[in-house]
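**Q** Take the two lone chains, each set in its own frame, and fit them into one complex as the hints suggest.
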Amino acid sequence: MAVGNESLLLAAVVLGWVLTSTLIGALVMALRLREARQRERDKDEAHAVVLERLRDNECRLRAIIESEPECVKLQAADGTVLEINPAGLALVGAERDEDIVGKKIYTVVAPEYRDHYRENMRRVFAGEAVVYEFKSITLKGHTTWMETHAVPLRDARGAIYALLGITRDITERKWGEEQARRHQTELARVARLSTMGEMATGIAHELNQPLAAIANFARGSLRRLRGGNVAPADLLQPLEEICAQAERAGEVMRHVRDFVRKRDTRMTAVDINRVVQSAARLTELECRQHHAKIMLDLVSGQPRVWADSIMIEQVICNLIRNSVEAMAEARSPVRLVALSTSRPDDDTVEIVVGDTGPGIDGALIDRVFDQFFTTKPEGVGMGLSISRSIVESHGGGLRAESAAGGGATFRFTLRAIGRTLLTNERRYSFHH
Amino acid sequence: MSDATVFIIDDDQAVARSLRWLIETVRLKVETFASAQAFLDHYDASKPGCLVLDVRMPGMSGLELQERLAARGGYHPPIIFITGHGDVQMAVRAVQAGAFDFVEKPFNDQDLLDRIQRAIAHDAGQRDKEELRSQLKALFASLTPREREVLDLVVAGMSNKAIANTLGLSAKTVEVHRAKVMEKLHARSLSDLVKLAMQNQPG
Ligand SMILES: Nc1ncnc2c1ncn2[C@@H]1O[C@H](COP(=O)(O)OP(=O)(O)OP(=O)(O)O)[C@@H](O)[C@H]1O
Ligand SMILES: [Mg+2]
Chain A
-7 MAVGNESLLL AAVVLGWVLT STLIGALVMA LRLREARQRE RDKDEAHAVV LERLRDNECR
53 LRAIIESEPE CVKLQAADGT VLEINPAGLA LVGAERDEDI VGKKIYTVVA PEYRDHYREN
113 MRRVFAGEAV VYEFKSITLK GHTTWMETHA VPLRDARGAI YALLGITRDI TERKWGEEQA
173 RRHQTELARV ARLSTMGEMA TGIAHELNQP LAAIANFARG SLRRLRGGNV APADLLQPLE
233 EICAQAERAG EVMRHVRDFV RKRDTRMTAV DINRVVQSAA RLTELECRQH HAKIMLDLVS
293 GQPRVWADSI MIEQVICNLI RNSVEAMAEA RSPVRLVALS TSRPDDDTVE IVVGDTGPGI
353 DGALIDRVFD QFFTTKPEGV GMGLSISRSI VESHGGGLRA ESAAGGGATF RFTLRAIGRT
413 LLTNERRYSF HH
Chain B
31 MSDATVFIID DDQAVARSLR WLIETVRLKV ETFASAQAFL DHYDASKPGC LVLDVRMPGM
91 SGLELQERLA ARGGYHPPII FITGHGDVQM AVRAVQAGAF DFVEKPFNDQ DLLDRIQRAI
151 AHDAGQRDKE ELRSQLKALF ASLTPREREV LDLVVAGMSN KAIANTLGLS AKTVEVHRAK
211 VMEKLHARSL SDLVKLAMQN QPG
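Residue numbers (my numbering), protein chains in the order written: chain A, -7 to 424; chain B, 31 to 233.
Just so you know, these hints were derived from the structure itself, not from any lab.
Where is the CB? At the ideal position from N, CA and C, for every residue including glycine.
Just to be clear, a hint being listed does not mean it is correct.
[Stated by the list, open to error] Heads up, incomplete: computed chain A residues facing chain B, CB under 8 Å, no partners named:
1) His197
2) Leu203
3) Ala207
4) Asn208
5) Arg211
6) Gly212
7) Pro230
8) Glu233
9) Thr367
[As the list claims (entries may be wrong)] Computed Cβ-Cβ distance ranges for the label pairs, DEER-style:
10) B:Glu134 / A:Met245: 52 to 60 Å
11) A:Glu384 / B:Lys77: 49 to 57 Å
12) A:Pro350 / B:Ala154: 32 to 40 Å
13) B:Val56 / A:Glu239: 25 to 33 Å
14) A:Pro350 / B:Ser164: 48 to 56 Å
15) A:Ala320 / B:Gly128: 46 to 54 Å
16) B:Ala171 / A:Leu356: 51 to 59 Å
17) B:Asp158 / A:Glu243: 42 to 50 Å
Isolated chain B (complex conformation) (with noise of 0.2 Å):
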C-alpha cells in the first residue's frame, strides 16, 4: 500500500500545498496538479492510488475531469471530490456519476484521510480484481476452439458421454480435452473449473 499516490488536483496552489503536508503524514505519495488539464496530459494509469479534487475549478470542472476520465474507458482510480460550502448538490451529482465519495469544506483531518485510505484500499482491490480478471483472460486466450467447446458444455453439467454425443467426438477425446483444459486453466476439480469460468463472465 506504501506505494500509493494521492493525486490532488487544485487550482488554488496554496490549497493544494496545505493538503499535501497534511496527506504526507500518514507516509503517502502526494503529487499536485494545478487544473484538470495538467493532471490528463501527465496521468499515468498504472499507478494506483486515489484523486482528491475540488468540484469547482475555472477552466476544467472536476465533474469533466470525471467524465473525461470514464469517457476513456478502461479503469480510473477512485476520486474524492472536495465541495465547498453549497456545492453539495454537484457532489451528489458526481457520486451518482461514479465518484467514490466527497468531503465537505471546512473538513476535519482525520475524516479526510480515513476517506483516502479508504479509496486507496479500494483502489488496490479493484486492482487486483483487475489482475486476476487479465490473467484469467490470458488462460482462456490460450484454449483451442474445440477446448473451448468442450469446456462450455461441461460447466453446463453434461457428462463426457454426453458432450462426445453433442459434438460427435469419441468419450477418449473428450477427455483427452478436458484434461489439457484442466491444465491449461490451473483447476484442479470440477468446481475450480465452474468458479474460474464464471469469474471470466464479462462485468
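Bound conformation, chain A alone (with noise of 0.2 Å):
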C-alpha cells in the first residue's frame, strides 16, 4: 500500500508541478479567453495570432487533462467546480460537464465532511497544499471514500484564484484499513479472554481459600455439635470466622466485578492528554486523602493515539493509585504523582507515572505484574496485571522501575496517529 501510495504521489507531484509550473499560466489565460472570446471578435490580426497561440496552449493542456486518468478539477474559493476532466466526470457520477462544473463541490460531499473540506480548501486559498481524505456520495447516489491531493493556483501577480484537485477513489483501501481495524479489535478481545482465562484460574484460587476455610469451620462446628460436647459460647470464634470469610469471597468477587467489564473496546483517535487530564481528575478524591499532588507534564501538539480511552483512563487511574497507595503507606514525606505525555517519535506516544514514593524492591519488580500479587492487607493483586494487558491490547507494553534514590515509574507506549500526513508533506512539499 506505501508503494503505490508513494508513486500516486510522485505522479500527482510531478503532474502538480508541471501543471503549475509551467501551464498554469497558460490555462489562466485559457480561462480569461471565455470572457475574451466575446471581445475578441473584432480584434486585430496581431490580437487573432495571439489568441491562436492561446487556444493552442488550451489544446495542448486540455489533451493532457482529458486523458489524464485521475479526476483533475479545478475550484473557486466558495467550491464551484470550474473545469473537471473525462475521468473526473466517471468519478462524481456524472454524465455531461453541466451536471457540475459550475455547481458546488459539496453537492458531491457527504454532508459529515462537508466542514472537513471547507476547512482544506480554506487552507489551499491560504497557499497551503494539502492532502485530504473524504466521504463522497457521487451524483449517482454511490458511496465512496475520496482521497484529493490539492495546491492553489495564483495568477500572473501570485494571487491564487482556484484550487487545482487531484482525486482518486479509495474506497477499496479504506474498506482495507476498515478490516484491518476490526481484525485488530478482535485481536484485543481474543487477548483479553484469554487473559481473563489466566485470571479465570486465579480468581478460581483465590475464592477457593474462603470457602475452604469456610466449610472446614462449619464442618468442624457440626462434629462437636453432634458430638454434644460443645458449649454455645466455644462456637462464637469459628462463626465470627465463617462470616470473615464469606465478605472475604465477596470482596474478591467485588473486584472481578469491577476489573472485567463486559464492554468492546471502542478504538477511536484520542488526545492522549485529555485522557491523563481525566485521569488525574478522577483520582483526585484518593490523592487529597492522602496529601498527595499531582504533577503534569504533557507534550504540546494534543498527541493523538488510537484507542479506549476508558481503558486507558482506566490504566492510569490505577498506576496513579498505586502510586499514592505507595506513598501513604510508607508515609513518604515528600508525595508526588508526576504525570507526563512524550512523543518520542513520530509513530511512538510515551505515558510516563512516577512517585516520590519507596519504589520497589528489585527481587519483586517482576513480580508486580503477576495477578494476585499484592504487598496490601486489602490488595487484590489486580491492578496491575489488568493494566498490562490493556496496554498490550493497544500494542504497547507497560513497564515498571525503580529508581536507586527511591519512587516507583511505570511507563507505556501507545501507537500514534497522523503520521502518514506529516511525513508526505515533509517529503514532497508542492512546489508553485
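**A** Laid out in C-alpha cells, this is it:
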C-alpha cells in the first residue's frame, strides 16, 4: 500500500508541478479566454495570432488533462467546480460537464465531511498544498471514499484564484483499513479473553481459599455439635471466622466485577493528554485524602492515539492509585505523582507515571504484574495485571522501574496516529 | 496414637485455623506454620504425626519442602498435599516424589480426616520398624568380628563342623561363638537367628 501511495503521490507531484509551473499560466489565460472570446471578434490580426497561440496552449493542456486517468478539477474558493476532466466526471457520477461544472463541489461531499472539506479548501486558498480524505456521495448515489491532493493556482500577480485538485477513489483502501481495524479489535478481544482465562484460574484459587476455610469451620462446628460436647460460647469464634471468610470471598468478587467489565473495546482517535487529565481528575479525591499532589507535564500538540479512552484512563488511574497508596503506606515525606506524556518519535506516544514513594524492591519488580500479587492487606493484586493486558491489547507495553533513590516509575507506549500525512508533507512539499 | 501431631503448613492463616478447628474434632494435636521455611526452622523429627500442606505457597512451595525433607536423609513424616482445583498434575508429581497422599480442594471433611488417620498409622508403623531396625543394629554392633563371621556362615546354612573347617577353628570354639551370638541377639533358635539376620539387611 505504501508503494502505491508514493508512486501516486509522485505522479501527483510531477503533474502538479508541471501544471503549476508551466501550463498553469496558460490555463489562467484559457480561463480568461472565455470572456475574451466575446470581445476578441473585432480585434486585429496581431491579436488573432496571440489568441491562436493561446488556443493552442489550451488545447495542449486540455489534451493532457483529458487523457489523465485521475480526476483533475479546478474549483473556485466558494467550492464552485470550474473545470473537470472526463475521469473526474466518471468519479463524481456525472454524465455531462453541466451536471457538475458551475455547481458546488459539496453536492458530492457527504454532509458529515463538508466542514472538513471546507477547512481544507480554506488552507489551499491560504497557500498550502494539502492532502485530504473525505467521504463522497456521487451524483448516482454511491458512497465512496476519495483522496484529494490539492494545490493553489496563482495568477500572474501571484493571487490565488483557483484550487487544482487531483482526486482518486480510495474506497477499496479504506475498506481494507476498516477490515484491519476490525481484525485488530478482534485480536484485542481474543487477547483479553485469554488473559481472562488465566484470570479465571487465579480467581478460582482466590475464591477457593475462603470457601475451604468456611467449610472447615462449619464442619468442625457440626461435628462438635453432633458429638454433644461443645458449649455454645465455643462456637462464637468459628462462626465469626465464617462471616469474615464470606466477606473475603465477596471482596474478591467485587474486584472481579470492577475489573472485568463486559464491554467491547471502542477504539477512537483520542488526544492522550485529555485522557491523562481526566484520569488525574478522577483520582483527585484519593490524592487529597493521602496528601499527594499530581503534577502534569504534557507534550504539546495534542498527540492523538488509537485507543479505547476509557480503558487507557483506567490504566492511568490504576497507576496513580498505586503510587498514592505506596506513598501513604510508606509515610513518604514528599508525595508527588508525576504524569507526563511525550512523543519519543513520530510513531509513538509515551505515558509515564512516576512517584516519590518507596519504590519497588528489585526482587519483586518482575512479580508486581502477576495476578494476585499484592503487598497490601486490602489489595487484590489485579491492578497491574489488568493494566498490562489493556496496554498490550493496544499494541504497547507497560514496564516498571524503580530508581535507587526511591520512587517507582511505570511507563507505557501507544501508537500515535497522523503520521502518514506528516511525513508526506515533509517529503513532498509542493512547489508553486 | 494420641501423641501424634498434625503439622499444618499453609500461608493462608484463615485456612490453617479452619483446618485446626476441623482436625481437633478427632482429638489430634495440631501445630500450624505459616510457611515451609517456618516449619523447617522448628521441625522436630522425633515427633510422630503427619504433614498437611498446600502445594501452592508463596516462597518455598510444598513440593520444594518435600524435596528439602527428602534431601536431609533420614526419616520424615508422611505428607498429605492439599491441591487446588486444576493442580492435580502437581499433586501427581508430589506423590511420585514420595508424598503419602493428596486431597483436592474442595474436600470432604471425613475424607481428609480418614487420610490423616491413615497417614498417622503409616507413620507409627514406620517409626516402629525404624525403632526395631535401630535396636537390631545395636545388637549386631555388639558382636565381635569372629562372632559375626560365625553368624554369617550359620545363616548361610553351614554345619558347625563345616564352619570350623572353613575358619580353621575347633568345633568346640565354633560352638561357643554360636552360643554367644544367640545370647547377644536374644535368639532362641536357628530360625530366629536367620530371621534377625535377614531383618538387619540394609534397606
Ligand atoms: N508505585 C508503586 N510503588 C511501590 N510499589 C508498588 C507501586 N505500584 C505497585 N506496587 C506494588 O505492586 C503490587 C501490585 O500492584 P497491583 O496494582 O497489581 O495490586 P494492588 O494495588 O496490591 O491491589 P489492587 O488489585 O487493589 O490494585 C502492590 O501491592 C505493590 O506492592
Ligand atoms: Mg493497585
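**Q** With 8 Å as the cut and Cβ atoms as the points, is A:Arg211 at the interface with chain B?
**A** holds (4 Å)
**Q** Would you check whether A:Ala207 satisfies its interface hint, that is, whether its CB is within less than 8 Å of any CB in chain B?
**A** Hint holds; A:Ala207 Cβ to chain B Cβ min 6 Å, cut 8 Å.
**Q** Please test the hint of 52 to 60 Å on the beta carbon pair from B:Glu134 and A:Met245.
**A** The hinted range 52 to 60 Å is violated for B:Glu134 and A:Met245, with Cβ atoms some 23 Å apart.
**Q** Per the hint of 46 to 54 Å, is the separation of the Cβ atoms of A:Ala320 and B:Gly128 within bounds?
**A** For B:Gly128 against A:Ala320, whose Cβ atoms are near 47 Å apart, the range 46 to 54 Å holds.
**Q** Check the following: the C-beta atoms of A:Pro350 and B:Ser164 are separated by a distance inside 48 to 56 Å.
**A** Given about 54 Å between the Cβ atoms, the range holds.
**Q** Against chain B, run the beta carbon of A:Asn208 and see if the smallest gap drops under 8 Å.
**A** Since the shortest Cβ distance to chain B is 3 Å, the answer is holds.
**Q** Report holds or violated for the interface hint on A:Glu233, using the least CB-CB distance to chain B and a cut-off of 8 Å.
**A** The hint holds - A:Glu233 has a Cβ within 8 Å of chain B, the shortest such distance being about 7 Å.
**Q** State, for the Cβ atoms of A:Pro350 and B:Ala154, whether the hinted interval 32 to 40 Å holds or is violated.
**A** With Cβ atoms ~51 Å apart, the hint is violated.
**Q** Is the gap between the beta carbons of B:Val56 and A:Glu239 within 25 to 33 Å?
**A** holds (29 Å)
**Q** Using the Cβ atoms, figure out if B:Asp158 sits within 42 to 50 Å of A:Glu243.
**A** holds (49 Å)
**Q** Is the interface hint for A:Thr367 satisfied, with its Cβ closer than 8 Å to some Cβ of chain B?
**A** Interface hint status for A:Thr367: violated (11 Å vs cutoff 8 Å).
**Q** Determine whether the Cβ-Cβ distance between A:Glu384 and B:Lys77 falls within the hinted range of 49 to 57 Å.
**A** holds (50 Å)
Hint check: violations occur at hints 9, 10 and 12; the rest are consistent with the structure.
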